Amino acid sequence: MNMPSSRRATPGRLAAISATLLILLSPFLWLLQMSFKSNDQILQFPPPLIFTPTLENYISLWHSAFSASFVNSLLSASLSTSLALLFGVPAAYALSRWTGRGKHSLSFAILVTRMAPPIAFTIPFFLFYRWIGLLDTITGLVLVYTSFNLPLVIWMMQPFFDTIPVSLEEAALVDGARTRTVFTRIVLPMVTPGIAATAILCFLYAWNDFFFALILTRTNARTAPVAVVNFMNYEGWEWGKIAAGGSLVMAPVLIFSLAVRRYLVSGLTAGAVKG
Amino acid sequence: MKNTSRTSSITRRTLLKASAALAAFPAPLIAQTKPFAGITLHGASFQHRFFTLLQKYIPEFEESSGMKVDLQLSAFPVYNQQANLELSSGGSAYDFVNVTFILAARWVAAGLLTDLDEFTSDPNLTPAEWNPKDFVDGAQVPYRDAKGATYGYSWEGGAMLMGLSRMDLMEKKGLKIPKTFAELQQVCAEINGTDGVAGITSFQLHHWNLPPYIQGFGGNIFRKPPGDIMPTLNTPETIQGIEFYANLLKSAPRGVLTYTEDQARQSLLTGRANIFIHSSSWVTPILLSEESKVKDTSRVVRSPAGPVHDYPASNSQGLGIPKNAKNKKAAWEFIKWALSPDISMRLVKEHGHSSVCRRSIITSEAYRKLNTVNGQDLGAMYLEVLELPAKGENYMAYRTVKEFPIVGDVLNKAFEQVATGQLPAKDAMNAAQDQAIAALRRAGTQL
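Protein sequence lines correspond, in order, to chains B and E. When the letters of the first sequence are read in order and numbered with my numbering, they come out as residues 1 to 275. When the letters of the second sequence are read in order and numbered with my numbering, they come out as residues 1 to 447.
Derived from the structure by calculation, the hints contain no laboratory data. Not one of these hints is a red herring.
Here chain E is said to cover these stretches of chain B; the calculated rule only asks that three of the stretch's residues, wherever they fall, bring their Cβ under 8 Å from a Cβ of chain E:
| hint | region |
| --- | --- |
| 1 | 39-52 |
| 2 | 124-130 |
| 3 | 230-239 |
Going by beta-carbon spacing under 10 Å, a handful of chain B positions derived as facing chain E:
| hint | residue |
| --- | --- |
| 4 | Leu135 |
| 5 | Leu214 |
| 6 | Ile215 |
| 7 | Thr217 |
| 8 | Arg222 |
| 9 | Val226 |
Keep in mind it's a predicted model, so treat the numbers as computed, not measured. Beta carbons: idealized from backbone N, C-alpha and C, even for Gly.
Using the sequences and the accompanying hints, generate a full structural model.
The structure is reproduced here in structure tokens:
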């Protein structure tokens with residue numbers, strides 16, 4: 001079978017793809033190669049392209065407080081993502097099936113918390129958390145991230161539910177299924193790509209957050225992005241550790257995204273064509 | 001016999017009574033020896049070698065005092081952000097904090113710290129041998145208010161010195177160590193490019209590197225800080241300083257305007273640049289560090305004097321107690337211990353840590369022995385520069401007023417325009433002056 005000419009890999013196309021990849025991946029590759037260099041090699045000018053790689057940066061990270069921060073990040077991001085999905089997906093379904101007046105106003109109101117920049121909420125959160133003793137706790141972080149991710153889940157999931165014909169659910173109900181069964185057995189499996197895409201975005205938001213973690217944590221709940229900054233010491237920056245920390249911070253998101261890649265593309269593009 | 005028996009009986013009874021009395025009041029007796037036993041002190045600072053070393057000794061303090069110390073160390077910007085928020089919102093999470101040099105004046109002026117004179121003036125709280133006057137006066141200036149009350153004691157000092165990595169090259173060319181700005185300019189220009197060596201190196205914090213040149217020509221950042229904070233960025237003296245420093249950097253490695261301190265130090269340590277003028281702890285590694293490839297050809301000296309003033313920059317970091325701290329007296333015990341002559345000397349002797357601020361330590365024989373390299377008494381130079389802001393005019397006052405960060409940012413941008421040739425110094429600084437005034441007014445400053 002002949003491929004259409006528009007899909008053939010011509011040298012020009014390959015060059016364009018390679019150039020694009022190079023531009024896109026070069027910051028990542030640069031960071032990665034730095035993580036295998038000593039501070040001395042990193043600061044050399046011109047930078048050596050051929051060098052003896054060292055695992056020293058990763059080993060010292062493993063033995064430092066960074067590992068605890070990494071676990072804190074994993075906990076706060078995964079718990080907040082789970083909570084946001086747990087509450088957000090049924091809420092989106094309810095909103096999708098609700099036909100009453102005020103539906104659009106309610107949808108808009110839900111999104112309001114995502115409109116203001118995080119800094120607007122940081123100080124109130126800080127003062128409130130100090131009052132109720134949630135400063136520097138994973139619970140505190142999870143609650144903040146959940147409150148920011150919940151509107152995102154509702155807004156992202158609602159169009160997915162809109163695309164599922166109500167007649168499908170009605171047929172199941174006629175067959176004797178309960179409402180909860182209809183939701184869990186029929187509707188949810190059909191929106192799996194959407195849930196995957198939404199989960200990634202929620203996880204990314206919580207995982208990459210720096211600002212809330214900076215203000216609301218100290219040492220016990222310090223997350224990985226803040227821990228990376230901690231290698232910028234008064235007496236000098238530990239470039240190797242910063243690079244190793246940066247590379248490690250990227251890893252879970254990369255692994256998670258690859259694991260749900262199948263759903264991710266269809267999930268993210270679904271709204272565009274089905275809207 | 002009777003007597004003996006009676007005596008024995010009384011003794012037993014007395015002993016029993018005494019035991020009962022002791023059993024009834026054990027806690028107060030113990031508490032008298034360790035009045036703060038059971039307290040957990042919460043303190044915070046940015047990461048610094050001083051605290052890394054101090055942490056090795058903290059178990060001794062905990063054992064002797066019965067207290068626990070929870071010392072939270074973060075990166076410099078992270079700490080400043082968190083501590084600023086905690087203190088300015090009236091928090092009581094910390095019992096002691098680092099009083100960062102650049103924040104000291106605003107924290108003191110805003111009443112966020114405890115007056116430490118109430119502790120040092122009480123002989124029950126501070127023994128005479130602790131001697132608050134032993135702290136180098138210049139290093140203490142940022143931690144005093146207008147009335148002279150003290151809100152912090154310095155644990156670290158930074159004094160601007162000049163490091164020269166390639167004296168061999170200079171001698172070959174018949175050049176002497178520069179003592180004035182003019183000589184500095186000449187040496188940098190003549191060395192630049194010789195044997196692949198740049199004349200001078202520096203880094204991107206222009207608002208730290210530049211002011212000594214501006215002040216050297218008789219200018220300043222503000223008219224008369226801390227009282228009069230009208231910016232003076234376009235005076236002829238300031239413009240002269242800007243032009244001089246921009247010219248100096250023509251002898252620096254390419255990309256110097258974006259160099260970090262690490263990169264600048266590295267270029268000095270590897271002999272890729274001949275001169276670096278910065279705080280002593282960044283410059284002295286050319287003589288002291290294992291990494292240095294120029295140990296045999298290096299010198300560390302006083303930075304050159306300007307035609308009007310000789311104002312090398314200096315700074316210090318202090319320990320203080322927040323106004324709302326829960327355990328003030330206990331925190332004072334910790335500060336007293338951490339900055340005691342004994343701990344300071346141990347840091348010097350056991351770890352070679354030299355940037356302490358106690359005069360008795362810096363002038364001690366042990367310190368001098370450890371900090372004299374190739375016949376150069378680094379401690380004497382460090383002390384001399386650290387002292388200067390307390391002698392006569394406090395020329396470092398510009399750096400600790402709360403308006404400095406705003407004006408400093410404007411200065412940074414203006415200098416980059418001049419150094420990259422985008423604008424002549426006069427035009428750039430006239431614009432900078434207007435921008436600084438507008439930015440200060442926007443921030444609510446009365447000028």
